[in-house]
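J.: Residues per chain, in single letters:
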Amino acid sequence: MTGSPTDTPSERVPSVLVVLVTRDATGWLRGCLTALAEQRYPRLGIVAVDDASGDGTVEILTQALGERRVIALRERAGFAGAMRAALTIPAAREADHLLVLHDDTALDPDAVARMVEAAHDIGVEDVGVVGAKVVDWRDPHLLLDVGRSADRFGHPYTPLQPGEIDQGQFDRVLEVLCVSSCAMLISREAWTRVGLFDERLDARHDDLDLCWRVRLAGFKVLMTPLARARHRRSGATGERRERQRRRSERYYEDRAALASLLKNASVISLLWLLPVDLLLSFVRLIFLLLSRRFEESFDLLAAWGWNLIHLPGTLARRVKAQSVRSVPDRELRRFMDTGGLRLPRWFESAGRILDEQREIDEEDAEVSAGRRLRDRTASLVGRHPVFVASFFAVLIGAVAFRQLIGPEPLAGGALPAFPGSFRGFFAELVSGFRTTPLGGTLPASPALGAMGGISWVAFGSTAIAQKVMLAGGVVLAGVLAYRAIARLTARPGAAVVAASAYVMSALVLWSFSDGRIASLVAIAVLPAIAERLEVAFGPDAPAGGPWRFAAGLGVTIAFAAAFVPGVVIAVAVMLAIQIVFGRSRGRGVVLAAGSVVLAGLLLFPFVPTILADDGAALGSGIGTTDLGDLGRLALGGGPGTWVVAAFLPIAAVVAFALVGPRYRGAAGRAILGAVAGLALAWLGSAGYLPVALTNAPVYLSLAAVGEAFVIGFGLASALGGLGRESFGLRQIATGVLAIVLGAGIFLQAASAMVGGWAVGGPAAVPAAWAVTASEARGDFRVLWVGADDERRFPAPGGDPQAVAPAGPATIRYALTGRDGIVAIDTGRTVNGGGAAYVQEALNEILSGTTEHGGALLAPLGVRFVVAEGGDLPPAAADLLDRQVDLDLVLEKGLRIYRNGAAMPPAAVLPGSDAGTITSADLATIAAIPPSTAVPLRAVEGGWQGVAPTDGIVQIGDAFDPDWELIATERAVPSRVSFGWSISFPAEAGALRIRYTAQAIRTVEIVLLAVLWLAALWITRKPVSRYEPVSPGTQP
Amino acid sequence: MRAERHRDRARGQGWLALLTVVVVVGGGFALERGLGTSPEGGPEPGVATSGAWSCPHGGGPKWQVQIHLANPGDAPVTARLTALTSGRPRKPVTVTVDPGTTRTVDVVAKTRAASTFVEFFGGWLAAGWVAQGGAGEIGVASEPCAASAGQRWYAPDGTTEQGQDAYLVVMNPFDTPAAFDVVLLTKTRAPIRDSAVNDVILPAHRSRAIRLNTLALGEAALGSEVDASIGRVAVASLGIGRDGGIRASLASDALASTAFLPVGAGAGQTVLSLMVPGEEPVQFGATLLSGDEATPAGGLTEAGQGPASAATYPIPVEGPGSVGVVTQGDAQVSAALRAIGVGNDWAATGGARAPAQRWVVLPATIGEPVVPGLILVDPGNDPVTVTLRVLAAGGPDDLVVRIEAGRALQVPAGFWAGAPDAAILVAADGPVLALAASTSLGNSGLSTYALAMGVPVPDPV
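As you go down the protein sequences, you meet chains X and E in turn.
Sequential numbering from 1 applies to the first sequence in the numbering used here.
Sequential numbering from 10001 applies to the second sequence in the numbering used here.
What the hints contain is simulated information worked out from the structure, not anything from laboratory work.
Accuracy of the hints is not assured; some may be wrong.
[Unchecked claim] Covered stretches of chain X, going by a simulated chain E footprint (3 or more residues, C-beta under 8 Å):
| hint | segment |
| --- | --- |
| 1 | 448–459 |
| 2 | 651–658 |
| 3 | 669–681 |
| 4 | 886–896 |
| 5 | 927–939 |
[Stated by the list, open to error] Quick list of simulated restraints, FRET-style, between CB atoms:
| hint | chain 1 | residue 1 | chain 2 | residue 2 | range |
| --- | --- | --- | --- | --- | --- |
| 6 | E | Trp10015 | X | Ala763 | 28 to 34 Å |
| 7 | E | Ser10038 | X | Ala738 | 40 to 46 Å |
| 8 | E | Arg10033 | X | Ala763 | 40 to 46 Å |
| 9 | X | Tyr688 | E | Pro10281 | 53 to 59 Å |
| 10 | E | Gly10418 | X | Glu987 | 51 to 57 Å |
| 11 | E | Gly10041 | X | Glu408 | 41 to 47 Å |
| 12 | X | Ala836 | E | Asp10382 | 44 to 50 Å |
Cβ atoms here follow ideal geometry from the backbone N, Cα and C, with glycine treated the same way.
Construct the entire structure; sequences and hints are all you get.
T.: Below, the structure is given as structure tokens:
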């Protein structure tokens, strides 16, 4: 736009043609037309284009403007199409400016004049587009648009807060990237050079693209606050009959943003913007999937897909846009959002909070500094407890986790080794047979699907996934505990404190220290389960309907049980408490039963694994009978397991005394759960419960949840009315509670920040482990032994799997592969005939009957027997020392025996006697001479190798008739060896052993995946298809 | 009213909290005190009985070595014998020993390092060896095999005086290499730690003989301590006289404050070898039990021996007897007894640390003709009745003998003479000691002499 017509009256006043685009606008069109009629601008023409309205819009237009000024389209052409139709009349091509106007926009009487003035008379050259200050139609104090910028990826960004009131804060002419198309003045030079709107884009998102192109062509885009337009947002508010929008608002925004980016960014910019955009979209996709926002994730993919399909059209438009480019991208950068990336909401909140604090500071300028600080702190904590807690959580987490940052995989504690690739998880999940010690055909846990998925998301790196899961487990525990308590108390402050106490409990810190990812998942999920059960048995029917509720709870239980099957015991205890003490028992039982049934369905292939060997997988070998340890919820060493950890039960008791009538029932059930958890943990550890019901970590998790809930209820009661009561014992108790919680959480956090975790780098594994780790002779298994004290074994031995009773020589033990415990064994323990055989072999050794324990352990593939230095009972150590085929090779840090009679877990035993190998008689097995076994190589679906001579193929895995040996194109069925394992007669030559029933497992896993998808779909977070979004609202 | 009700409720909640604490804490202590931890059960009785014997017998050119395997149980027992040398082990030989019988297996022993590893399955076996010298070495030596291998061994019976060669036979029957040091103790010299016998690597399934004369020549008393820093070994001392006599004494895998050293009838000169590996001097006394009243042995009533030393003491013995060594203040020593037979062939025994009620006494004879002798000693204060059974198919009837308290007796020669290759099962109603003290006709027509301590029978065999 050149020239300044109003400065010199002798010059021609620029002509403006208003292009009013209407559609089904009878409700508000008259207001718009009246406002147009009141315009004081001298050279104003109007043409209305009706986009195939179905109501009386055309009639109104004709009545107001006359037929000549109305173009009535017979078919819907969209906003851009309507504009195109308008340009067919000569007046449009001759007008100096087009004023694009929506039918639900009413201009102030001098708006057009002010916009033209901004284009010509304020000294800014080359103005291509001028926008008005857009306010709400009904409430003109409400700002809707004052010009927008965008991030580097084309997503619009407004400086307005939702609901921001017009106080004159934007009352100056602003040079912006984009203005709203509801009232947009475009110069003829601008539109003839760059064209008008991209008809492919949604009407709510096409203005940014147009303004961007105008900018590229060297024109300026201004917003003048002197021109005011009231906008009704009839489409966004649902007043206008819209066509069914198939996707979310975000879809149309993402689609337009990417298309604009592809069209308007320079090639150099695209080289980095496009990959980064792709990466950010990927991260967002993962976040959406994890938070069960499936429709939104699909919309995100669809937006990319749309752009892919429309790439030719986009490129054609890009050629046109770039052909008129006269400014480089860097000149537009100042109109774009700082930093290029949209900041996470957290940072935005931080900015807002800082602004608030600054305001408080200004208000209290005369108050002393100390008091100001106090007031500020109180205000900050009181108004934004979650933000403050998040800040400290990030701080503490960053310091506490510092030792674990690095490229190498974590090791130590009870952390299971992750497979080298994420595929390892999926391979085990889908495998028809177990590839870890003692084999069998019982399926792997569905948890492997989640672990594999997270590993895949972590750029395929299981080392990163390991760290993400470990740290994420603690974060998840805090978040879910907060959500659960906040839902029950409606007091975010109380929930934040209670959740902090929960996260800083000895149990959580011990689990983190030991690298117990599965336990952390259970600890994280239990508060959610407890809260859901409280709701199910509560006075009001759960929101969302019974199906959705039951599905949600079922998914939660199944998820936790997939990692720690013993969680179902805790659920059973909570359920029992609710059935006895809950309110709506009938509804609660039905909902809970439905949830449990669904959880069973979601775990259906895994259920037999859980129930095998009388439910051995439900139990845990970890425990303690020390009352002090149990009271502190400390099952082992590590930061935060010291005496200070007693703050949680102490605070729970004090909080229980403070609980008001509103929460009394729920608090009673919570404290009952805590007491039951402690009692059951002791009874299990002391050996009074069956193996399936012995699971101290789960019971203590239950206790921790109960204690945290009681703290939440107590705090909520105290915060809810203490100030109105006269001073007394309750106030004193509240003070005590505050001190106990404050000191406890602070000291626990300090302990965590000092670190000293059991997990860490390679140094977290005893140096002596190198003796076994460096063993070059193929695959083997390790038997971990130690006194029956319910502690974990030194890394990488993991937790004890069973106890071999032998009086003073009683030991706990675990059988692992050569890498120790592995993540693909999550949720399952050794079971079946092989597990029974381990017990028998150990009984022989510990009874002192045999001195050929190595030969007895040989069929299991055990090459090393490992104990922590000083951990073995002397009687057991003597008995192991007596074994002629177990040689003590190291006694520094670890006591390691090498089995001289060991066989590889899968091998050809040349020349072996079939009668001997197939015997289940232990005396016969003990007498088997050490042979020169030829190991077989594990391959997908089995093993393969070459038999040097005729002999026996022995596989140290549980027998199943579906194994067969293929040699010289002949299939040989399997036989039972040693009473439990697999063997085949083998002839000299190449051979392969394969599992023939894989198809069944594949079908099971596909069905399982379908079930999970269905359950997650039922419980998804719904997305609004008619989200009311105004052009000025922040996306 | 409402405020009062609220206060009452609040107070009630406080009491409830207190009650919770009392229940939890009180209940916890009640559970801990009242119930305690569930007692651990014992192991189920085992079914895969097995064990092993290490027999570091040594050998030489044209030596004949026999391993005697005796099965006192009621089920057949399989034995796997593996001959070890300094080279690759030979292929194992498997034999079955029927219940109540003795089986003799000849093993190859052409070098000083020769030894045999005996594994048994399906029951319990006693095992011992008898070695007959060859190629000018005409004596006979016999000892029971070692029931277990260990990391530390004491061999007090060594001498490198003129005319005597002393060897240590060290065997490693296991699957991993062993590394050991040898420390030699003498009467007067400081402990000898020669680099030649420091960190000696003994590969898996190998055996080795160490000639002590090269390390400490001219010592009348030479005790050896073998300390395996890696792995486990079994050790015996082997003595060879220039005049042809040989003797073997199984080393002891532990020190003790008492030692029982029976000796046979008809022996001539008898020598007690005592080794004190510790850093403190030892006061000890020795008592000789014989057919008569107990007497101080060799006048050793309050004798003393310096720390880290080995010494020998002549003990006059006539007829069957037993030398009991007791130290003061539970000082730890290792002892052996060597005796010379009528044919100028020395014999030795490491004795026993404690008496037992059941023994298997393995043959200590080889060749023909032989005179097997069995010495029984009752070191207690009450007389005992002993039942003797020859472990041979069709052997003589059981013999019952009575031993007076604190006396020793020799079983009538005729009882064992009918089956000299069979072992004797000794079952007493009180603790006794049992020793084979036999003579065999040597290669050169001279009578040879061997002592072999019996093997205590473990329960429940």
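J.: Evaluate each hint against the coordinates.
T.: Results for each hint:
Residues of the segment 448–459 of chain X with a Cβ under 8 Å from some Cβ of chain E number 0, which does not satisfy the need for three, so the listed coverage is violated. Under the rule that three or more residues need a Cβ within less than 8 Å of chain E, the assignment of the segment 651–658 of chain X holds, with 5 such residues. With a cut-off of 8 Å between beta carbons, the segment 669–681 of chain X has 4 residues touching chain E; three or more are needed, and the interface restraint holds. Given as covered by chain E, the segment 886–896 of chain X passes the check, having 3 residues with a CB less than 8 Å from a CB of that chain where 3 are the minimum.
Counting residues of the segment 927–939 of chain X whose beta carbon lies closer than 8 Å to any beta carbon of chain E gives 3, which reaches the threshold of three, so the coverage claim holds. At roughly 53 Å, the beta carbons of Trp10015 of chain E and Ala763 of chain X sit outside the given window of 28 to 34 Å. Between Ser10038 of chain E and Ala738 of chain X the Cβ separation comes to about 42 Å, which falls inside the hinted range of 40 to 46 Å. Judged by the Cβ atoms, the range 40 to 46 Å given for Arg10033 of chain E and Ala763 of chain X holds: they are separated by roughly 43 Å.
Checking the proposed 53 to 59 Å range against Tyr688 of chain X and Pro10281 of chain E shows it holds: the Cβ atoms sit about 56 Å from each other. Between Gly10418 of chain E and Glu987 of chain X the beta carbon distance is about 54 Å. The supplied range of 51 to 57 Å therefore holds. A hinted range of 41 to 47 Å holds for the C-beta pair Gly10041 of chain E and Glu408 of chain X, which are about 44 Å apart. With their beta carbons about 49 Å apart, Ala836 of chain X and Asp10382 of chain E fall inside the hinted range of 44 to 50 Å.
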